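Participant: Bring the two chains, given one by one in their own frames, into a single complex with the hints.
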Amino acid sequence: MFRASGLRPLALDAGALCGGLAVLAALCLLSLAVGSRPLALAEAWEGVRAHDDSIASLIVWRLRLPRTLLAVVTGAALAVAGVVMQALTRNPLAEPGILGVNAGASLAVVLSVWLGGITTVSGYLWFAFAGAALAAALVQLMARRSREAGPTRLVLAGIALGASLNAITGTITLYDTSAFDSYRFWVVGALEGRDATLLAWVTPFLAAGLALALASGHTLNIMALGEEQAAALGARLGRARALALAAITLLCGAATAAVGPISFVGLVVPHVLRLVMGADQRRLLAASLVAGPILLLAADILGRVLIRPDELEAGVVTAFLGGPVLLAMVLRRGEATR
Amino acid sequence: MLLHPGRGRSLLLRRRALTVTTALLAVAIGAGAYTLLTGAYELPASDALRVLVGGGSDLDRFIVLGQRLPRLVSAALIGAMLALSGALFQSLSRNPLGSPDIVGFTTGATTGGLLVILVSAASSTATIALGTTIGGFATAAVVVLAARRRGGVGENLVLAGVALSQTLSALNDYLLSRATIQQAEVARAWQYGSLNAITWAQVRPLAAAAVVLLPLAAWFGRPAAALELGDDAATSLGLGVGRVRAAMVGYGVVLAAVCVSVAGPIGFLALAAPQLAQRLARTAGLTLSVSAAMGTALLVVADLAAQRLLAPFQIPVGLLAAACGGVYLMWLLGLRAPAAPGRP
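In order, the protein sequence lines correspond to chains F and H.
Letter 274 of the first sequence, counting from 1, is numbered 273 in numbering that gives the first Met the number 0, and no numbers are missing.
Letter 64 of the second sequence, counting from 1, is numbered 63 in numbering that gives the first Met the number 0, and no numbers are missing.
The shape of chain H in the complex, shown without the other chains (with noise of 0.2 Å):
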């Protein structure tokens, strides 16, 4: 759409996209503070501070450090990350809809990393890992396979994935239903989606996961564009379209799967941050680092409401981020309603 635009209006949008992504970060910092310096432990703020700054006791170290500062970097770079795998697909599907949870992947994900969890005696953040990335990549590809058989994309694409997510939530069930109630403990904290018992142990190869993958992000920006104006255009301009389709899916399946494997499925925030993040810098096309800014900046919000809402209570941020997401979607269908026509 913006494809040739004037290049006095380009150079605005780009400033207005840098602007929202600082306004973004700025947000997600003011939040990442407060998560840090406050909290169910009585630890006065200057302390905590100070902690920050290399001193305090064991105590307040370990409360700061060793507790509330890897759940925050966790939420940041899992938001991050969803966030640009929803873009991708999204871009992919040329649909807004077209997000991993509404697609059914993160679903398929979930199965992979319960299927490892219930059914193998000893689970670490490794074999989950594989378990999400092996049943996202397979419920990736059994839906890109039935929609795109019909030459569907979009549409489609939606429609096989609901079909199939609402298959392997009964699964799910099942799975967790079968469970002893230990097991069954276990899984289900980690199926809602949650980053409250969450330790440097997964936080170090999730960040290293992010540092390999965010920056590849920027690989895709060219191509994403080129793809959302058609395969016939795309092919003209060079691209071979069928790699690049196939290298978008895969690595958006990876990023969705790395953070299913750490946090649970978050849902929805995958279709909203990308979406927010057009409207408020004006783009019609991918906003990469504008989506990925919003996603931090959601996730390190609703992880503090998660945390604080019903202390001492954590509620589980994936249940927070669905019931959200489940109205934020609702009203995103009513707002995009087209005008009726033919009325009279």
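For reference, chain F alone in the conformation it holds in the complex (with noise of 0.2 Å):
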């Protein structure tokens, strides 16, 4: 597995890296652009550079830069923790969404606000913590019960996790009619609509987050190889869960409290990087901080484009995206398992 970041070229990588940079910074531009009052794209950078008064000035700097830089930042958050789910459970079907990370989130933000009277992303971000810290060590020690009975008993605990952490999200949503209604869309992970102080808050800990994963890359790697051997390579074990664990609950609780639980992100991306480049944790944790933006980014400007002049909200779109992906993953894994 490591063999193989040594023996490719940088160079391809270099390249791959800014060919995937160009598209981000065309998704970004084309973000700004696109929307219920559509401008062209030179109108739109006039008004990124301008930042005045004039009406495209202020629908790029008010509304549109806002959530452009919300998912590319979730994006990479959510693609960053799908690498790190899956090295760390060595289960490919690993994803924050699906194991119930981000419903612990979830769970943790509508208690805030029903017993606590918390509305501002300030207050509820530590439940997200909190929530997404639960849901995640959860997950790791129900993947180290299930190791040796394959991926699918990961996945259905995780399914379980996440039914019963909705469920009882759900009954509270119920009890408390007036948090329903911000629920609901705040749920199916919308990007629309959340302003730029939300960005401000959510960012250290992203930043924070990623740095935590970028720097257990090497440490995965050695984790892929196997318990017993990763300790005869004298990994740290616990230290190195730790770490992965921290950074786990950093993104996904950050992303949630930011724009809702979106799935499939986590787990298409690091999916479709693994298959062009091979299972080196450093690298796909590099190559997924560019792609998790993409497919977010993209998500979120296709569901503005689909249903116009309505919106269809970035986590359903990327669910529409996943569902199938994971599907052929399955099928995929029942084809070489015959």
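It is worth saying that the hints were derived from the structure and are not from the lab.
There's no promise every hint is true.
[As the list claims (entries may be wrong)] Just some of the chain F residues that point at chain H, by a computed CB distance under 10 Å: (1) ASP12; (2) PRO37; (3) TRP125; (4) LEU140; (5) ALA156; (6) ASN165; (7) ILE167; (8) PHE263; (9) ARG273; (10) LEU274; (11) VAL275; (12) ALA278.
[Claimed, not checked] Just a few of them, taken from the derived set where beta-carbon distance is under 7 Å, the chain F residues facing chain H: (13) ARG144; (14) THR151; (15) ARG152; (16) LEU155; (17) ALA159; (18) ALA162; (19) ALA166; (20) THR170; (21) VAL315; (22) ALA318; (23) LEU326; (24) VAL329.
Computed from a predicted structure; not experimentally measured.
Every residue, glycine too, gets a C-beta built ideally from N, C-alpha and C.
Facilitator: Right, here's the structure in full:
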């Protein structure tokens, strides 16, 4: 697994990275232009540059720039969390959305709204972290029990965890009807209508999570070999696991607090990247930093275009894209084991 | 597994199954009586009892016969039907996890029902039932075809269903977010699976369906047991494997869809009831009567708890079932972990 990273020419990586960044930049520009009031690309760019009171400038700076940046940071966070989780559980189907980590963060947020009357991001962010941390730790426990039994068991345990948590969330939102109306928009994972202060609040946490994740790439590589071998190679497994869990918690908690639970970015991105570039976790982590934002931004733009003049939430689009990918993975696996 | 047990052993097992069934029905009747005789409306149990034997005032009669009884009857019937549906799917997929909700059929049925509620101007129980049946069948067809194309039953079926149901539940969330707030209130009360507002108007078609569908289950016992031995063995026993399997899928989907159309999706009951029934009856194969009794007992008790736990607020029984069922499934997965091979 790490043999590949040593032998592959770095130039190839650099080329792919530049290509990815170019695509991302193009999508960002497109994201500024597309919307209920479409702007020409040049007009959008002029709006960014001028930063004055013109309509184009107001639309871009007030609405679309925060939204675009939010998509970029949360896309990166979810994809990186997916890579870490798949490495940690040694399960290709692991993903914070499917395994209930996002559901844990959601429940904690709804609890904080219900019991604490907390409605600001700065307030419920901490609850989102706590919920994500508890769920991630549970997933890790379940994964350790299920490792010999194949990927299905963990996915089902995750589904079960998510179902229980979501049921409690559902009961609370029914019990306290006033919370429900905003919740039903938040829960589909929308990037629309989130303001810039939100971005300012969650970005430091996301950055810390990304840094933690990127720093643990080497240990994740070793852990992928299996626990006995990793221990034999001198890896400090307990510490490595704790760091990986901390990264997942920061990334999923902050991303979920910001945009609601979004599934499948963490599943699709690492899976596609692994097909293209092999299983070196460090390269996967770096590449998903670019690929995650591309997927989420593309989903968000697609959602704005598909059912004009209405909008489809980004989380709905990623689920529509992700379900079939999961299905394809399952079927490929079936073929491989035959 | 128990194809040729000794005659005495088989008799013993059958007696045990009978005992368990009777005990479960006794639990259901006890909880049912409690549901009928007590409640939020202040009505002495003796008065409620008088209603049951034909007397009582008009108001008392309305409370007991018009409100508490239909809810109890629907809980009993839906519990039995969902459990049967689960038992069939688990037998079919040769996987204890192959219940209609895990493999996505319930989510598909929900999508169909939501579409009817949200898109059509006037939705009745009948049109919702049509929507859930079509939704359930369409999802079943996609999942079974996708899994079968690779020759996969069991695990593949489960994973393919999980994949599809994730997408469909995103669609459900989306449909809900697109609705007006009034529509959304109706739809979400239904989407969570609830018996709160059930009336005789909904129980009558349900009871009619149950009268037709439940006895049919007896017909599946033998062929399903043969199928569990594997396709080759079943064929050599003279079974039309493809035909039987298609009939079981169709029957299981209709059972689940009827339940979803009346009460909304009630999660995990179809998964848990047959499993618990097998554990109690200590049989390995299909245990249709025990499963049905277990489903009835579970849902009657669960609905009683859903009514009373946070009273006067009524928890949708589907949410209660999902919360408990999720924990149960995690326990099931943990408990059934095989001994790790090759560990020092």
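Participant: Looking back at the numbered hints, which does the structure fail to meet, lowest number first?
Facilitator: 1, 2, 3, 9, 10, 11, 12
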